[in-house]
Amino acid sequence: MESNAGTTETRSNVTVPDGGEVAAFESLQFTDEIHRLISAPATDNASSFTALLELPATQVVELLHSPESVKLIVASAPNVEDFKGSFHFPSNTGLIQKDARFSVFSGEGNNKNEKSNSPEMTSKNSSANLEKAVKSEPAETASSLPLVSDPTVENRNIKRKDREKKVKGSTKKSKTATNERLEDAEKLPYVHVRARRGQATDSHSLAERARREKINARMKLLQELVPGCNKISGTALVLDEIINHVQSLQRQVEFLSMRLATVNPRIDFNLDSLFTPESGSTMDGGNFPSLVTPLMWPDVQVNGYRQQFQHQWHFDTLKQPIWGREEVCNNYVTLENSLLSYDSSANSAATLHANQLKMEL
Amino acid sequence: MNNPHHLNPTSLKSRFTTRFLRALTKIRAQKPISSSSPTEIFRRYRRIKAAADKSMAYSVRSRRIWSRAMLWKLRSRSYRRQDPCSGRRSGKTNQAIMKKSSNENTTTRREDGVGFVEEADELRQLVPGGETMNLCNLLDETAHYIKCLTTQVQVMKKIADFYSF
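Chains as they are written, first to last, in the numbering used here: chain A, 1 to 361; chain B, 362 to 526.
Same shape as in the complex, but just chain A (with noise of 0.2 Å):
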């Protein structure tokens, strides 16, 4: 029944999404080719085929660029009802939802889901039936073996299997390990590694492999920290980034204690309270007044405050109804004003200044 298929291995064979200009010239004879199938006569099965094709053409040439839209293999049938096993729509819920429809399509796709590998293909596979479009994705991607050059529909029970083993095969490390190919794997029951086709599986290598997969793993984070690190490709490009990274924050922490060992503070605030509800934490030296609300602690002790406080006019001030125990923004303001009404500058420079440091910290 699906004898057409053959015909269309010349030009409509859309592999591995490594050509956009393959892809972009595929489009352009898909497009022609659904413009073709619309104008068809329309039969039963095209019913629902035709279905598929309210689609405009361009959102089929979108589907066909995007990146995980890799397997776009037309069949170039001139009767609609081929098309029903040959189109492999990519992995969109609205397609998916028609397609499933085909019976065709839900009996690969389930095959394939188990085989898909990399994550993000999963997600989208799981999200319904999926074509058989979906079984070559995963690995393909990741290890771009044109296994799609064969999608010949008459072909298709013998080859899976071929195709699954190939699969299976070439993917690339995977947690999943549940093939005969790893028996070495199974000697350490920590870490399951997929070993590669043509790698070698004994223990050492193995292990290696995971240590290095492990520094890979740590590098990656260490770029996302370090800022400009993602540009940069190869490993010892990126240490040396880091390294200057970190070079330039102990020269910072450095530069910023001689500020503060040069600069006069003109306030010296006791934080304590900031942090804790703790009360009657004395220090020595000139204390001024704990400037800061009572934002952070609801129960806090008055009588702690009025041990600090060396001047009178700090804590008696200060003990407004407006030092509520629940303090919010505007009340916060409220403080402010009342405490710039005060002939001492400094006073309310550091309120001020410890509403913002908390505010910014």
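Hints were generated in silico from the structure; no laboratory data involved.
Ideal Cβ positions, reconstructed from N, Cα and C, are used throughout, including at glycine.
Among the clues, some could well be false.
DSS-like cross-link-like pairs, simulated, lysine-lysine; straight-line CA separation at most 25 Å [as the list claims (entries may be wrong)]:
1. B:K508 x A:K214
2. A:K231 x B:K508
3. B:K508 x A:K220
4. B:K415 x B:K374
For each label pair, taking beta carbons as the anchor points, the in silico distance ranges come out as [said to hold, decoys possible]:
5. A:S248 x B:S437: 22 to 30 Å
6. A:N230 x B:R407: 31 to 39 Å
7. B:F403 x A:Q247: 28 to 36 Å
8. A:S233 x B:R441: 41 to 49 Å
9. B:S423 x A:D202: 36 to 44 Å
Fit chain B to the known structure of chain A by using the hints.
What follows is chain B alone, placed relative to chain A:
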């Protein structure tokens, strides 16, 4: 009660800030700022820097290798400064221990199977306690160290801006 500006009291930032400010006030209280001779300033700078490092290391406690190493370094330095005799005693034993552990790990040039040994060594010198780490741990510690350093710089910058206003 809903305070949008509420600081998480258990975050690294707040822990560090508390400790550092406490140390700062202590340092300030010790000497009046009237004297602005370079030596005084330098001495105070050293003390402040040590206080900053110490507060950061204390905020991390002993959860990280680098914090433990830094704390140990600071402590040994202060011991040595306080009392040369006792410093020598304790320093010797401690140093012996440290040297032994570091010798075990670093006498052989670390070729971990990856190609960047020089950068790794340089990184080891930067990160406190890095000499005793293999590459894997070193990268881990570096990440955490960078995070803590950035917090430290942030807080100190804000404090410095506050004071120099």
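Hint check results:
1. B:K508 x A:K214: Within the cut-off at roughly 20 Å; holds.
2. A:K231 x B:K508: holds, 20 Å
3. B:K508 x A:K220: holds, 15 Å
4. B:K415 x B:K374: holds, 14 Å
5. A:S248 x B:S437: 22 to 30 Å: holds, 27 Å
6. A:N230 x B:R407: 31 to 39 Å: Holds - the Cβ-Cβ distance for A:N230 and B:R407, about 37 Å, lies within 31 to 39 Å.
7. B:F403 x A:Q247: 28 to 36 Å: With Cβ atoms ~21 Å apart, the hint is violated.
8. A:S233 x B:R441: 41 to 49 Å: holds, 46 Å
9. B:S423 x A:D202: 36 to 44 Å: holds, 38 Å
The earlier numbered hint that this structure contradicts is number 7, and it is the only one.
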